[in-house]
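**Student:** Dock chain B against the given chain A, drawing on the hints supplied.
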Amino acid sequence: AQKVTQAQTEISVVEKEDVTLDCVYETRDTTYYLFWYKQPPSGELVFLIRRNSFDEQNEISGRYSWNFQKSTSSFNFTITASQVVDSAVYFCALSAYNTNAGKSTFGDGTTLTVKP
Amino acid sequence: EPEVTQTPSHQVTQMGQEVILRCVPISNHLYFYWYRQILGQKVEFLVSFYNNEISEKSEIFDDQFSVERPDGSNFTLKIRSTKLEDSAMYFCASTPEGTGELFFGEGSRLTVL
Chain A
1 AQKVTQAQTE ISVVEKEDVT LDCVYETRDT TYYLFWYKQP PSGELVFLIR RNSFDEQNEI
61 SGRYSWNFQK STSSFNFTIT ASQVVDSAVY FCALSAYNTN AGKSTFGDGT TLTVKP
Chain B
1 EPEVTQTPSH QVTQMGQEVI LRCVPISNHL YFYWYRQILG QKVEFLVSFY NNEISEKSEI
61 FDDQFSVERP DGSNFTLKIR STKLEDSAMY FCASTPEGTG ELFFGEGSRL TVL
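Residue numbers (the numbering used here), protein chains in the order written: chain A, 1 to 116; chain B, 1 to 113.
Derived from the structure by calculation, the hints contain no laboratory data.
We put the beta carbon where it would ideally sit given N, CA and C, even for glycine.
Please note: incorrect hints may appear among the correct ones.
Unchecked claim - Pair ranges (Cβ atoms, derived):
1) Ile54(B) <-> Tyr64(A): 21 to 29 Å
2) Thr13(B) <-> Gln2(A): 31 to 39 Å
3) Asp62(B) <-> Glu15(A): 43 to 51 Å
4) Asn74(B) <-> Thr72(A): 29 to 37 Å
5) Gln83(A) <-> Asp62(B): 25 to 33 Å
6) Asp63(B) <-> Lys16(A): 34 to 42 Å
7) Gln69(A) <-> Asn51(B): 31 to 39 Å
8) Ser71(A) <-> His10(B): 39 to 47 Å
Unchecked claim - Straight-line Cα separation of at most 25 Å, DSS-like style, residue types lysine-lysine; simulated pairs:
9) Lys42(B) <-> Lys78(B)
10) Lys83(B) <-> Lys70(A)
11) Lys78(B) <-> Lys3(A)
12) Lys57(B) <-> Lys3(A)
13) Lys38(A) <-> Lys3(A)
14) Lys78(B) <-> Lys57(B)
15) Lys83(B) <-> Lys38(A)
16) Lys57(B) <-> Lys83(B)
17) Lys70(A) <-> Lys16(A)
18) Lys38(A) <-> Lys16(A)
19) Lys42(B) <-> Lys83(B)
20) Lys57(B) <-> Lys42(B)
Bound-form chain A, shown alone (with noise of 0.2 Å):
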């Protein structure tokens, strides 16, 4: 089974601020893929990035940046220089590698909210 946990419920900053979101996950497959989601206030799921299990590569997308760590199962994104328009609900998620790698496990989302 697939599981995968954001503890951090809600996270808020202010503007300018880093801030890290955390991903742990669990899965018995030896290969997979991680995943980022965005949700912002007007409701879509819009995809950040993925990552293959076998791919540890650090990976930076302008102010986005994620840290993936086989040996802890984490898979964390940061984001420095918060802006207001990162205010969203941010998903984790894992599948396994294969070609059905659309059925995602999700996390429980954080809200992060970034003040001006």
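**Tutor:** This is chain B only, laid out in the frame that chain A set:
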């Protein structure tokens, strides 16, 4: 940019009524999904569909639920006899083969009274 479209955006129905939620996935995608999000809760997998048949379904997806792709473009979710607990946002998604990256529609909010 191609996108997944869903209709209706919001549907209100009486308990026991049948509901059909419609989705048009991205045209060159091969896998189609329905996910559900009860208000304020996590996103839950319902069903995946590939090559005109269900490939996997969750425990939530009981006999009251069905999916079909009637015409090669639409992908529908039918709830035969709605219950109060079916009230949720239903998201359709599609993926190219094997990538796992879900392209979600904007969701259909179902309210069962």
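**Student:** Run every hint past the structure and note whether it holds.
**Tutor:** Against the structure, the hints:
no., hint, result
1, Ile54(B) <-> Tyr64(A): 21 to 29 Å, "violated (35 Å)"
2, Thr13(B) <-> Gln2(A): 31 to 39 Å, "holds (33 Å)"
3, Asp62(B) <-> Glu15(A): 43 to 51 Å, "holds (46 Å)"
4, Asn74(B) <-> Thr72(A): 29 to 37 Å, "violated (44 Å)"
5, Gln83(A) <-> Asp62(B): 25 to 33 Å, "violated (43 Å)"
6, Asp63(B) <-> Lys16(A): 34 to 42 Å, "violated (53 Å)"
7, Gln69(A) <-> Asn51(B): 31 to 39 Å, "holds (37 Å)"
8, Ser71(A) <-> His10(B): 39 to 47 Å, "holds (45 Å)"
9, Lys42(B) <-> Lys78(B), "holds (21 Å)"
10, Lys83(B) <-> Lys70(A), "violated (41 Å)"
11, Lys78(B) <-> Lys3(A), "violated (28 Å)"
12, Lys57(B) <-> Lys3(A), "holds (17 Å)"
13, Lys38(A) <-> Lys3(A), "holds (19 Å)"
14, Lys78(B) <-> Lys57(B), "holds (14 Å)"
15, Lys83(B) <-> Lys38(A), "violated (29 Å)"
16, Lys57(B) <-> Lys83(B), "holds (19 Å)"
17, Lys70(A) <-> Lys16(A), "violated (30 Å)"
18, Lys38(A) <-> Lys16(A), "holds (19 Å)"
19, Lys42(B) <-> Lys83(B), "holds (19 Å)"
20, Lys57(B) <-> Lys42(B), "holds (17 Å)"
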